[in-house]
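A.B. asks: What follows is the residue order along each chain.
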Amino acid sequence: MEQPLYLIPLFPLIGFLLNGLLLGRLGKKTISFIACTSVGLSFLFGLKFFFDLLSLPDTARIIENVFFTWIPAGQFHVNVAFLLDPLSAVMVLVVSGVSFIIHIYSIGYMHDDAGYGRYFTYLNLFVFSMLMLVLADNYLLMFVGWEGVGLCSYLLIGFWFEKKSASDAGKKAFIVNRIGDFGFLLGMFIIFWQTGSLDFKTALDPAVAHSVFAVGGGMITAATLLMFLGATGKSAQIPLYVWLPDAMEGPTPVSALIHAATMVTAGVYMIARSNVLYMMAPATMAVVAIVGVATAIFAGSIALAQNDIKRVLAYSTVSQLGYMFTACGVAAFSAGIFHLMTHAFFKALLFLGSGSVIHAMAGQQDMRYMGGLKKRMPITFWTFLIATLAITGIPGLSGFFSKDEILWKSFSSDYGSIWIWLIGLITAGMTAFYMFRLVFLTFYGEERMDSHTREHLHESPKVMTVPLSILAVLSVIGGYVGIPHILGGDNRFEKFLEPVMKGVHHSVEGEHALASAAHNGSTELILMVGSVVLVAVFIYLAYHFYIKNIAAAGKLRQRFSGLHKIIYGKYFVDELYNAVIVQPLVVGSKFLWKIFDVLIIDGFINGMAVIIGDMSTGLRPAQSGILRTYTTIFLVGVIVILGIVLIFG
Amino acid sequence: MENQILTLVTFFPLMGIILLLFVPKTRHDTIKAVSFIVAFINLLWSIWMYAMFDPVASGMQFEVNIPWVSGFGIHYHLGIDGISLLLIMLTTILSTIVMISSWNAIKTGVKGYFISMLLLETGMIGVFVSLDLFLFYVFWEAMLIPMYFIIGVWGGPRKIYAAIKFVLFTMFGSLLMLVALLYLFFMYHGYTGEYTFDMLKMYEMPIPLGAQTYIFLAFALAFAIKVPIWPFHTWLPDAHVEAPTAGSVILAGVLLKMGTYGFIRICLPMFPEATLQFVPLISILAIIGIIYGALVAMVQRDVKSLVAFSSVSHLGFVMLGMFALNLQGMEGSVIQMINHGISTGALFLIVGMIYERRHTRMIADFGGLSKSMPVFSTFFMIVTLSSIGLPFTNGFVGEFLILLGTFASNKVYAVLGATGVILAACYMLWMLQRVIFGKITKPENENLKDLDGREKLVLIPLVILIFWIGIYPKPFLRRMEPAVNDILSRVEQAKVKLAEMENKTDPVVYEDDRQLGTVEIEGE
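As they're listed, the protein sequences go chains A and B. Heads up, our numbering is the position in the first sequence plus 112, with the first residue counted as 1. Heads up, our numbering is the position in the second sequence plus 27, with the first residue counted as 1.
Simulated from the structure, these hints should not be mistaken for lab results. Where is the CB? At the ideal position from N, CA and C, for every residue including glycine. Any given hint could turn out to be false.
If you anchor each label on the Cβ, the simulated ranges turn out as follows [to be verified]:
#	chain 1	residue 1	chain 2	residue 2	range
1	A	H564	B	N474	30 to 40 Å
2	A	M113	B	N30	46 to 56 Å
3	A	E687	B	L525	24 to 34 Å
4	B	N474	A	Y689	38 to 48 Å
5	A	K276	B	R505	41 to 51 Å
6	A	A721	B	L48	55 to 65 Å
7	A	S736	B	Y175	50 to 60 Å
8	A	G227	B	A78	56 to 66 Å
This is chain B alone, in the form it adopts within the complex (with noise of 0.2 Å):
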């Protein structure tokens, strides 16, 4: 069982469909529990999973590795650390508290969306377990289907310009995937005569500088525009203003994440040397997207873009935090990643539960919601306060790692990122406030219902992650130092081969950068 906990984390969901398909499509209730459920004991299966896995080891935990297409090398090849450990987590509880809040949401093919649903948790879960390139790639595609289907269905008035929007861009980004991977695949080929896709033994391959360069492009472009990385983002607002509260949760909490996980999981330890060269470009966006997000953010009138654009500012940390290429920043970047799935995941709750009651997520036809709807404002203010980084909650441990981080490998970019921090306490707060506080101006806005037991069920586990990880964060630091650790001393060792290709030319530098080489590892 323990070597095939990842299969069945993975697939678990598919079986929840197969049993679908015997329930006739008029038992809503039915289908509704059945989907929960499903989810529920996959999330159990998850915490089994985190219970077995090892924290102290490096390397790749529960690997399978048997062959599918044997004649181009494509392996079911398996295998998390703990970046993707805590990624798997953060979906399987996203995914388990879509299943209560689309509970009243959906009234008109709920079958075909609850199958949607669980198709959508098998092919986040793949991407995220797949140590093979063309296993990820599958799962990477597979993955856009029932999105497309929850966004362009199930949306709003805009529906299917968001969702051909949403699509196209992925999958421009994806057809270069598609292309660098084969190039890959071949050049493997030619260095060792063996046909493969596997991540790891790519890890290994020395690639040419200049291949790496293109590889790195491709592969960054498809992962950027999934993040999304400024100017990459215009899908993002369209997509979640459109999709079904649920849609949003999971494409900000978990599908935004392919793309950071992409980069730290394929461009990083495969192309550390162009990852190097590139360390500039991706922060200078990086920091763009942090306060051009949080500017824009602000005079949305929308609350549900208004969160969105804070997506492209957070994300922007994670790039941040990442491309400081250091321990401390890296941590940073993958706990914001699970912040940020919970953070934003609760706001998009939060908005379509007042978007249930009001039909309108215009910021100018609420105010003071605090009156008629005290535990709704509480746990709003709470989420948002996580949003902004407040100390002993989430957000603020993964923004100080990440500028702690940055500031190490350049200082001006740890100030330029900083400035966000005030700017998502000026966008953030003053939606709270139009929402929350002031006078009661609409009558509709008077007698609405406070939350009820299902909407409190679907917000205090986040609220019980926000102050966890906040307060408590070492358990999730710890399990993944040696997967930072391990990437680390790829991009370490890419380091000391560009030093060593610049000193070829200078044989009389050799000596002194040597000597300033060691010095950097000692006091490490």
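This is chain A alone, in the form it adopts within the complex (with noise of 0.2 Å):
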């Protein structure tokens, strides 16, 4: 079916032009007028697209929009089209849909910036190029979307480049970004060079990826690992995930919105679409769950550290990012994709939750300065809560159905194994931990703030707690789409999802992963009780450390201070990166040019200047003028050659 699916990202551009060029020339009111209508209607048009998906017979739902013709150059040919299908819908209703509570939040959020006008300018500029990302229908589209949803973190990252710590973030997300990018693009070429195309409906066609890919083969292998590089860059996984938690400069509805709810969570949507690939290499599925869990427990086990209120979120976010790794790894695509949907929901409550207690606290950041807020911020800290019970997934919300789903599937799948869903269930408790010490800290507690923070506590405007409203709603029921069957639920989700994950039903493996998944009913439901109850004890210790006996959190700190000292030092990986890779490479280039380029090519070629130069100047003498001295050596040179004539003549 043909639609003009470009419908969707136009507004956003549409605004991000208006507000871009008549910058410093409106009003407020209209600045955030144009930006909120824009992913409004871009919200109402990915709606409405849903339902005409929804309305074709569930093997032909995709809808199509062919633009126009961007590169083309012989047998390689690109088009800006679109593309909507299940899964693109999904993340076109979750992008535009959070984009928009965002957008509204931020009115109040950032009502009092000097860049209010540059900041929705950028906000617009995010949601086009996220929704192209989503949208398009060929890798090479997707990476415009790809490296543009990049530009726009770089430019709210360092929004306030007068800080230096902001604009060294902005550069260091671009920069890290890049070198997942750099995967991306080689992971592409192999692509159109083995399957000729880079649009989704011919190179992952699994007839086509069958007939010129060998399963398991070197080539395979290869594209889906670069691919996956360029997914742990912009989805902030081993090794590449160290710019998100400094991307906390930005502003905090930013952090929401992009480093929490849509970017970040691009590398796993990506995966999730090239699971015809993914499927055909077994090995880096191993190495994609292997990541994937390995980042969620260390970055959790990193959480339970901080201090500061978003750096506890940024780390969380990563654990959770890791999750949905782990869930694509063990070819529950689905389940990524679920909880991607989920933690979008909740992740960006947790965000503007905070963001809402750093209004209060007049830029606070820092728990320890915290306490006590339950009664100051009645809507925030109700919100926070739920948010909070969501994503330690406590049965009945959103985040305890996707991540059972991942925990399970990590168990049962054939590409799964006891140890991938081990780790989860640990971090499932750490989980549990830090949130629940971040709400103890921020919320209950005495207020340990300064009393002139303290007199001006107060809830935040209704623009900004409505839109809290909204997510924990959402973070509530957003789960109730994919039941599992096991709770006499159908996983409509799963269903919907299918005609998308042709790699899982292609693959023999994957269909029986599948059908035993379905058949242990009893051991499914006993590690889903078994995992709540962990995330339990869990919470009474948090409870036991930061409510009932505060003192044993500081002598727990104490005995394990080597520990402490490495996990809040974030395991030092800033200062290894910028000791083995940073440092190297300046001084490396200063020495190229300092030695190669100024020493010793310019040396050579202003050396021979200067030889040139002084054999000159030694034979000037001989052009002196004098005419006796050059008939006396003309006479000499007349009766050396005659000798030698007579002599060897």
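Assembly of the complex is requested from the two constituent chains, each provided in isolation within its own frame, with the hints serving as guidance.
C.D. replies: What follows is the structure, given as structure tokens:
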């Protein structure tokens, strides 16, 4: 079916152009009106096309829209063209919906900022790029969105550009992402030269893929690994996760939108989109699962000890993204996307809630100076609590369904293993601990802020609390689209995405994995109860250390001070990268310039000039202009030549 | 008229010089206005030429071929294909823009300066339209003189050193080229009994492989210095840093392309067998250039020399793509020549704009310009992003096609070359951060005037081109495709010939190779 899908990304683009070109000439009301309406329209058009899609039969749920030819070069041919299938439909709705809510929230949050217009300009550009990313019908156009959101992330992290740490963080984000994009580019090259196309329709057609790639072969493994490198950059996985915690330098709504709900999930989307290719590369699948689960526990452990409220949430995001990759790695792509969606709701809510707190605290982000905010900011507190319950996986809330599905699939899938499950489970415990630690430190206990701040504590305005409430509702109900079979549901979410997950159904193991997953009812139930109990235990521990017996937390910290130092110092990975990569690069470059360029090459050339100059100077006396000397030399020459002729002739 | 369009576009700037001779040298505004109008009208001629150009026809268009020095078979032979068409457009656009940009920057010797600029334009276009080697050589050398004066007279503190270095480097290369050119001339006479410098005729001459190697090397060295290919690049930073803004724009925008154009017009089609043999050498030097240029750019303290080293890196991409010897690589290479002219030209213009305000180009002297000059900073940002190849800007189309093509011919080269994409982000964003972000630390930067109308007028056309080529490169790619195919078909023939030569010694392999050969052709 052909529909004008371009209408979805069009309006944010118009908003960006209007606000950007008229920057400084529009009032605040007009700016936010343009920005919010444009994203709202995107959401409405997204809904419209979503219902169009639903009206189609299951197997034919594809809406296409070819716009124009972008790059034609011989057999290489790429269009600017859009594709709406169940997967991109989910993404479009999540992206435009959450974006709209956060745009509204930003009206309140950024109200007094001097860069109000610039902020909304960037934000609209972001929404446009993100929609391009998820709607693209080929890898190259996806890459446009991919780098476009990276650019917006760069601009918005460094939004307060006068702060060095902010512009540093923006630059770091861009460069680390570029390392990932390097992989993405090379992955695309392999895909193009093997399948002859970058269009999803061709390159991701199981028949085409199986005709050009051997399952488990070097080419497909290389291509998928390189694409995965791109995903680790964008979605902040080991080894390229380092930019995301620093990205918290940006305004908090940006952290919510870009660095929690949408952009950072692009890698998960890309891998789910490419499931046909990934399912052909078991080695890559293993790497994805291991990297995912390792990132989950690694980042989760860092979050345990951070004091900055946004940093805890940042590491939590990295950790939750790890879950999504774990899901992809064990061939449970829909579970990954499911968690992507629920995470978008509750993590956006957590960030916006923390923004509300920071707003009230006049910019303070250190939880050691908070406490007791529960009664001061009731709406913020209750919505925040709901999100916390959702992320920890309390039954009945959205996070429970999605996280549990991932844990179950990592246990039961043929691609999974008990170890992946176990690490995922421990991470769930950690999540419960650090999230409740955060809640207790911020909202409970005594008020530890200075008196000036205390006087100014206030609940945020409606323009901020209403978005919180909407997200809270979504965080509760978001999971009900995917109730597992074991709990009497029929996992409609998975079924909806099924037509896109051709790779899973094409491979025999995949089918087998799904079948065995469906049949192990009792095990699934036991594991589910087990994880809930574990989460409850960790919540109690957080309660014990941060409410009941605060001294115990300090004692614990002292007893394991070495460990605490390492975790608090984030395993010193930034320092390691700096020492091993950044510094040698800078020093080496200086060496190349000063020694190679200036000393050797130019030295050689200037040296030649000097030598020639000196030789000329040496020869100069010969051109004395004194006739007598010339005659004498001439005479001597004649005599010598004559002599030679006479003697040897 | 249609037949004379190339002559018109080439020599029209000289008309301006004649007009300028009648203007008193104190009437600065008149001199500037005349030069601008002449350059602008020439831009219009070239647009007309672009409109008349048949995008699908192969071979040369608007050909003119009349004897010049008939005793030596020298002809006034002009003609263009899609590649030269685009380079001429680039030249006329940049020439027009620098006339406006030089408005306030040049205060002394105004008349001489604008005469040099117009002379330079004729020289540059002349190189792109010549189809006679002798004529090519004349334009090639003629171009040097005005550039020498532009750097040497209107340049910075070390202008004499830079100007002489520039001329000596180039002359050294051109001397070798002259020798090679004469060798070809006599060789052609030996084959056919005819004296000629005609490129199109030389294309058809079967040159033995041994001789090809030497002639290729002679030409390649001349072109390599001009490009510049690493390690012949050290004249470039000096020339750029010392040259006035307009000089840098033309130098980076067009003059460097003379080298790459020389490769594509002379080396590849005339010596295809030698070209095939030198693929590894040139590719590796190109990769070194990409990485080395980027690394050294990163540690520069002067914005202008940073941009100069970034040119070494970008031109490395151009060479890498060209020597991928396939359609994608070569089209990317040509489009990247244009891109580099636009983006780096714009960067030099931008650097010139702050230099006019602050009289310094040291990165450390800036910081926080976003605050005092938001419009300027926005332009700076857009151009920087195009330079690091962000998708939907021109740089991406070029780099992507280059790397895509390179990947098909040699995966290792492509992987190494692609690291340049990362490094470009490093040096460019770091520079951008230190110049426009951060707090204003120097009081001089606080009350800087933002861009005025003239300066915006200079940058807007370039920004439009940045997005045009980035979003809709089809018109440009389509026009160059026949020309690129033409060159590639010569290289393909050479490949077959080389294979046959090898097979003559071993007839058993012959059959196999032939089969492989046909499979390859079918695949394409």
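A.B. asks: Given the hint of 30 to 40 Å, check if A:H564 and B:N474 actually sit that far apart at their C-beta atoms.
C.D. replies: holds (35 Å)
A.B. asks: Okay, B:N474 versus A:Y689 on CB: inside 38 to 48 Å?
C.D. replies: Cβ of B:N474 to Cβ of A:Y689: about 40 Å, so the range 38 to 48 Å holds.
A.B. asks: Okay, A:S736 versus B:Y175 on CB: inside 50 to 60 Å?
C.D. replies: violated (32 Å)
A.B. asks: Quick one: are A:M113 and B:N30 within 46 to 56 Å, going by C-beta?
C.D. replies: Since A:M113 and B:N30 have Cβ atoms about 53 Å apart, the given range 46 to 56 Å holds.
A.B. asks: Measuring from beta carbon to beta carbon, are A:G227 and B:A78 in 56 to 66 Å?
C.D. replies: violated (44 Å)
A.B. asks: Please test the hint of 55 to 65 Å on the beta carbon pair from A:A721 and B:L48.
C.D. replies: violated (37 Å)
A.B. asks: Within 41 to 51 Å or not, the Cβ separation of A:K276 and B:R505?
C.D. replies: holds (47 Å)
A.B. asks: Holds or violated: the 24 to 34 Å window for the beta-carbon distance between A:E687 and B:L525?
C.D. replies: violated (54 Å)
In summary, the structure is inconsistent with hints 3, 6, 7, 8 from the numbered list given earlier, while agreeing with the others.
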